[in-house]
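*Asks:* Chain order of the listed sequences is A and B.
Counting with my numbering, you get residues 1 to 527 for the letters of the first sequence.
Counting with my numbering, you get residues 1001 to 1316 for the letters of the second sequence.
What the hints contain is simulated information worked out from the structure, not anything from laboratory work.
Computed from a predicted model, the values in this text were never measured in an experiment.
Incorrect hints may have been included.
What the hints assert, rightly or not - Stretch by stretch, here's where chain A covers chain B in the computed footprint (C-beta under 8 Å, at least three residues): (1) 1124–1137; (2) 1274–1280; (3) 1293–1299.
Unchecked claim - Calculated lysine-lysine pairs in the DSSO-like style (CA-CA distance at most 30 Å, straight line): (4) B:Lys1083 to A:Lys342; (5) A:Lys120 to A:Lys139; (6) A:Lys115 to A:Lys61; (7) A:Lys152 to A:Lys46; (8) B:Lys1144 to A:Lys7; (9) A:Lys134 to A:Lys46; (10) A:Lys420 to A:Lys342; (11) A:Lys232 to A:Lys336; (12) A:Lys75 to A:Lys88; (13) A:Lys93 to A:Lys115; (14) A:Lys115 to A:Lys139; (15) A:Lys336 to B:Lys1040; (16) A:Lys376 to A:Lys232; (17) A:Lys383 to A:Lys251; (18) B:Lys1041 to A:Lys336; (19) A:Lys93 to A:Lys137; (20) A:Lys2 to B:Lys1144; (21) A:Lys46 to A:Lys2; (22) A:Lys342 to B:Lys1041; (23) A:Lys45 to A:Lys120; (24) B:Lys1041 to A:Lys404; (25) A:Lys134 to A:Lys77; (26) A:Lys137 to A:Lys120; (27) B:Lys1041 to A:Lys372; (28) A:Lys420 to A:Lys435; (29) A:Lys404 to B:Lys1040; (30) A:Lys420 to A:Lys372.
Ideal Cβ placement from N, Cα and C applies to all residues, glycine included.
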Amino acid sequence: MKRYMGKRILFSIFSLIVVVAAVMLLVYSLINRNVIFQQDDMWNKKSSNDRAVYEYTMYSKYGYLDFVDYSAFLKNKYEPLLGSEYTKDAAYKADKDAIQDETTFLENASVQEFKDFYEKKGYVINYLTPDRSKSGKVKSGGNAYLLAVHEKSVFLRVWDYFRHLISIETTRDVTDPALAERYIRVERDPYSGFYAVVGSGTTHKYLLYVDGRFPFLHQNFIHLNLGTSYTKYRGQEITQVINRPTGDQLKMLTQYPAQIGTDEYIESAIDFHTLTYNYNPRTKTEMGQFPDQYTAHSYRFGGLSMLENSFVAGIIATIIAYLLGLPLGIAMARHKEGLLDKIGNGYIIFIMAVPSLAYIFLFATVGTTLFKLPYKFANAEAKIFAYFLPIISLALPQVGGLMKWMRRYMIDQMNSDYVKFARAEGLSEREIFSKHISRNAMIPLVHGIPANILGCLTGAIITERVYAMPGVGNLLTAAINGHDNGIIVACTVFYTSLSIISIILGDLLMAKFDPRISLTASKGGGR
Amino acid sequence: MADITNKDFQFIDINTIQAEKITAPRYSYWASVFRVFFRKKVNIVLIALFVLLLVCSFIIPIFCPYVPYEYVTDAKTYHLNPKAAMEYFGGFSMKWIFGSGAQGNSIFYGIWASARTSLVLAVICAAINMTIGILLGAVWGYSKRFDQVMLVIYNIIANVPYILLITVLVYIIGSGFWSFVFALTVTGWLGIAYFFRTQVLIIRDREYSLASRCLGTPIPRMVSKNILPFLTSVTVTLLATELPSYISMEVFLSYIGAGLSADVASLGRMIQEAQSAFLIYPWEFWPPVAIAATITIILYVLGQNLADASDPRTHM
Chain A
1 MKRYMGKRIL
11 FSIFSLIVVV
21 AAVMLLVYSL
31 INRNVIFQQD
41 DMWNKKSSND
51 RAVYEYTMYS
61 KYGYLDFVDY
71 SAFLKNKYEP
81 LLGSEYTKDA
91 AYKADKDAIQ
101 DETTFLENAS
111 VQEFKDFYEK
121 KGYVINYLTP
131 DRSKSGKVKS
141 GGNAYLLAVH
151 EKSVFLRVWD
161 YFRHLISIET
171 TRDVTDPALA
181 ERYIRVERDP
191 YSGFYAVVGS
201 GTTHKYLLYV
211 DGRFPFLHQN
221 FIHLNLGTSY
231 TKYRGQEITQ
241 VINRPTGDQL
251 KMLTQYPAQI
261 GTDEYIESAI
271 DFHTLTYNYN
281 PRTKTEMGQF
291 PDQYTAHSYR
301 FGGLSMLENS
311 FVAGIIATII
321 AYLLGLPLGI
331 AMARHKEGLL
341 DKIGNGYIIF
351 IMAVPSLAYI
361 FLFATVGTTL
371 FKLPYKFANA
381 EAKIFAYFLP
391 IISLALPQVG
401 GLMKWMRRYM
411 IDQMNSDYVK
421 FARAEGLSER
431 EIFSKHISRN
441 AMIPLVHGIP
451 ANILGCLTGA
461 IITERVYAMP
471 GVGNLLTAAI
481 NGHDNGIIVA
491 CTVFYTSLSI
501 ISIILGDLLM
511 AKFDPRISLT
521 ASKGGGR
Chain B
1001 MADITNKDFQ
1011 FIDINTIQAE
1021 KITAPRYSYW
1031 ASVFRVFFRK
1041 KVNIVLIALF
1051 VLLLVCSFII
1061 PIFCPYVPYE
1071 YVTDAKTYHL
1081 NPKAAMEYFG
1091 GFSMKWIFGS
1101 GAQGNSIFYG
1111 IWASARTSLV
1121 LAVICAAINM
1131 TIGILLGAVW
1141 GYSKRFDQVM
1151 LVIYNIIANV
1161 PYILLITVLV
1171 YIIGSGFWSF
1181 VFALTVTGWL
1191 GIAYFFRTQV
1201 LIIRDREYSL
1211 ASRCLGTPIP
1221 RMVSKNILPF
1231 LTSVTVTLLA
1241 TELPSYISME
1251 VFLSYIGAGL
1261 SADVASLGRM
1271 IQEAQSAFLI
1281 YPWEFWPPVA
1291 IAATITIILY
1301 VLGQNLADAS
1311 DPRTHM
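When you get a sec, could you build the whole thing from the sequences and use the hints?
*Replies:* See below:
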């Protein structure tokens, strides 16, 4: 069994890598890369050569290429010789201005050095000639640039992506030589009253702690970096985007770390569990507030994050669906061809055949006009009511699916010998249905439970769109409409891993639920 | 009564071949399928409705071509409800029976042109996916060596959510009609092939197949006589869910902005354009939704009933 699982997990990781590599290959080689500037204000403001350099900067930020600017090269050359005052040096200035003349710039020694050095490393030297108007004056933003550009191959990008996918915090993370001691230890956490794992030298101060926010136990040891958003959330990490709480800041009475033990309190939304290392020396006020360099922090918010929003709505809908769908399916099978069965079948056909878009809008119309429920998420006066319609829209289709399969499996089981035997023994129909048949009929349905629960993390595309619910469901579609390759790759990794995990968990759960099923069947297939 | 003499009788040799024949009522599979199918009156009604839909969506666009930007210069024609539209364009006309859309386009003509696109798309995609799926599935189930290779491929691709795959593909290769067909079929056959592989695997090792193999039946005959007939009802069941699913898929993808391009009239696009203000201009939103729903329901129910009828156990 262990060997089987090991093999399976290895294969899953392999297939994840294949899929992500394939998607990255397609996305990075077939999509025109300049689409990311379509709605970029910075790009619109710049013109001529400045714009070209800005493009290179962004491409290098998003991993398309590596590039070195000539001025950076000069800085590296002169700074070690002359110190921080190097910009005032005449030789530096001469070298720097040499490229502004397109006819003579190649005669400069530094330019030659730059060119030879990077050509040897496989870079392509790119000279942006000064953009002059007819009078010979350089246009605004038209200054010449000398760049060495190295296009990254897609395979290298795939490798880089996976290398940075998971990062683990260690005490060597902070490179500041001023830091005196490095440790990871368990301390009493003044903010929660329990204990917490606290680090020094790690990026975060609190590595494992408890607080009042779901899921109550939080860790900062392992970070998942799914990549950076290109256009939708310019430059932000996607893992942070989907986990960042929304809403208003939640102020409460708290104390700065240096104030602990005193009776000084402040009213603030600062979440001291999020403290991270700050390389800038502490200011005077900060000296009084923080005992160490861990001063950077984020705030506490009242609302849920995108991921939580989707998950909360999804999980409630799934629970409702199982609570309704399974008993209804059993009842339909028990009264086959009866009124309930006919109504149920009509409903199943409706859910199966009609495009989901159509019935979600139908639910929305009925809910808003008949029951006066809030329609758009943001317009709801009480946030709790805003969840009603999305949850109903998510639950009702699931109910249909569960009813359909439960009924089918029940009917398949109803003529089995063990049912006849149970009847012969004189068990009541009620008992036979609720204890014997339904337990067997549920086995195939158990397989889908992990997929349904983990599926809540991917959100619901249509439902979230219709009700304008701030969830993760539309991340992918928004990314596609905004040409955000970073999010597309992140979504591929996220969705594919969830799907792999839920299939494995489903198999394990099914084997647990039904002892007859063995995942490691011996060859020949017979028992 | 005349006497019976020996002349009235004649000798007949024992015919061993004749003796083997069993007298049974003549049975034709497809005749029985349709007998059972048409026994249900619902099916006749649904077929009539479906033919009407087909005629409408293939004939109406020929005589009344849908020109979305016909009145785009006249802002007064935008978002007119049926009554206002008919008043504006002078009296009753079928063209304005569902009012006008965001560019003064006729909703009525729009839904038929779109329905045609959806139907053609569904038939083409189903034909491609089912053909490749069934053929490959049969080989996949029959050949053990092929099975090993295909399982690896399947396990890799099946891990990727289908929606993700299609949206990313549409994003990459563009959204024309044929690239959309490509996106829907490039991996769509895999699920069908896997389904058939499992079915073939079950039947391949049944006793009657084993007996047939022992008697030396060649493989092509095994496949065509022993295995494929058994899968007819399964095929029809699959077709019944596949056909409507492509229509739903198109509607869904167009809604999220990864569907057909603007120059192809499609139900998904009409719905997508009307959805933002569907409470204010309901006449723009509900007709395409209703047509999409009607087509899918009819196809689904007809398919399910045909699948039931194609199961020989219902022929008694």
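*Asks:* Could you run down the list of hints and mark each one as holding or not?
*Replies:* Each hint, compared with the structure:
A stretch counts as covered by a chain when three or more of its residues have a beta carbon under 8 Å from one of that chain; for the segment 1124–1137 of chain B and chain A the count is 0, and the coverage is violated. Note: the segment 1274–1280 of chain B has 3 residues with beta-carbon separation from chain A under 8 Å; the three-residue rule is met and the coverage holds. Coverage of the segment 1293–1299 of chain B by chain A holds in this model, with 4 residues showing a Cβ closer than 8 Å to a Cβ of that chain against a need of three. Restraint check: the Cα-Cα separation between lysine 1083 of chain B and lysine 342 of chain A comes to about 39 Å, which exceeds 30 Å; the hinted pair is violated.
Restraint check for lysine 120 of chain A and lysine 139 of chain A: not satisfied, since their Cα atoms lie roughly 33 Å apart, outside the 30 Å limit. Simply put, lysine 115 of chain A and lysine 61 of chain A have alpha-carbon atoms about 23 Å apart, close enough for the 30 Å limit, and the pair holds. At roughly 25 Å between alpha-carbon atoms, lysine 152 of chain A and lysine 46 of chain A fall within 30 Å of each other, so this suggested pair holds. About 21 Å separates the Cα atoms of lysine 1144 of chain B and lysine 7 of chain A, which keeps this hinted pair within 30 Å; it holds.
Pair hint lysine 134 of chain A plus lysine 46 of chain A holds up; C-alpha atoms about 20 Å apart against a cutoff of 30 Å. At most 30 Å may separate the alpha-carbon atoms for a hinted pair to count; lysine 420 of chain A and lysine 342 of chain A meet this at roughly 26 Å. Distance restraint check for lysine 232 of chain A and lysine 336 of chain A: the Cα-Cα separation of roughly 52 Å exceeds the 30 Å cut-off, and the hinted pair is therefore not satisfied. At most 30 Å may separate the alpha-carbon atoms for a hinted pair to count; lysine 75 of chain A and lysine 88 of chain A meet this at roughly 12 Å.
Note on lysine 93 of chain A and lysine 115 of chain A: the hinted pairing holds, with a Cα-Cα distance of about 18 Å set against a maximum of 30 Å. Taken as a hint, the lysine 115 of chain A and lysine 139 of chain A pair is honoured in the structure, with Cα atoms around 26 Å apart against an allowance of 30 Å. For the hint linking lysine 336 of chain A to lysine 1040 of chain B, the alpha-carbon distance of about 19 Å falls within 30 Å, and the restraint holds. For a cut-off of 30 Å, the pair hint linking lysine 376 of chain A to lysine 232 of chain A stands: about 22 Å separates their Cα positions.
Of the supplied pair hints, the one linking lysine 383 of chain A and lysine 251 of chain A holds, its CA atoms being roughly 19 Å apart against a limit of 30 Å. A hinted pair counts as satisfied when its Cα atoms are at most 30 Å apart, and lysine 1041 of chain B with lysine 336 of chain A qualifies at roughly 21 Å. A hinted pair counts as satisfied when its Cα atoms are at most 30 Å apart, and lysine 93 of chain A with lysine 137 of chain A qualifies at roughly 20 Å. This hinted pair checks out: lysine 2 of chain A and lysine 1144 of chain B have alpha carbons roughly 26 Å apart, not beyond 30 Å.
At most 30 Å may separate the alpha-carbon atoms for a hinted pair to count; lysine 46 of chain A and lysine 2 of chain A exceed this at roughly 59 Å. As the CA atoms of lysine 342 of chain A and lysine 1041 of chain B are separated by approximately 17 Å, the hinted pair is consistent with the 30 Å bound. The hinted pair formed by lysine 45 of chain A and lysine 120 of chain A fails the criterion: a straight-line CA distance of about 35 Å is larger than 30 Å. Note on lysine 1041 of chain B and lysine 404 of chain A: the hinted pairing holds, with a Cα-Cα distance of about 24 Å set against a maximum of 30 Å.
Distance check on the hinted pair: lysine 134 of chain A and lysine 77 of chain A sit about 36 Å apart at the alpha-carbon level, beyond 30 Å; violated. Distance restraint check for lysine 137 of chain A and lysine 120 of chain A: the Cα-Cα separation of roughly 35 Å exceeds the 30 Å cut-off, and the hinted pair is therefore not satisfied. A distance of roughly 41 Å separates the Cα atoms of lysine 1041 of chain B and lysine 372 of chain A; the hinted pair therefore is violated under the 30 Å criterion. Proposed proximity of lysine 420 of chain A and lysine 435 of chain A is supported: the alpha carbons are some 14 Å apart, at most 30 Å.
Distance check on the hinted pair: lysine 404 of chain A and lysine 1040 of chain B sit about 22 Å apart at the alpha-carbon level, within 30 Å; holds. Taken as a hint, the lysine 420 of chain A and lysine 372 of chain A pair is broken in the structure, with Cα atoms around 51 Å apart against an allowance of 30 Å.
Consistency with the previously given hints fails for numbers 1, 4, 5, 11, 21, 23, 25, 26, 27 and 30, ordered from lowest to highest.
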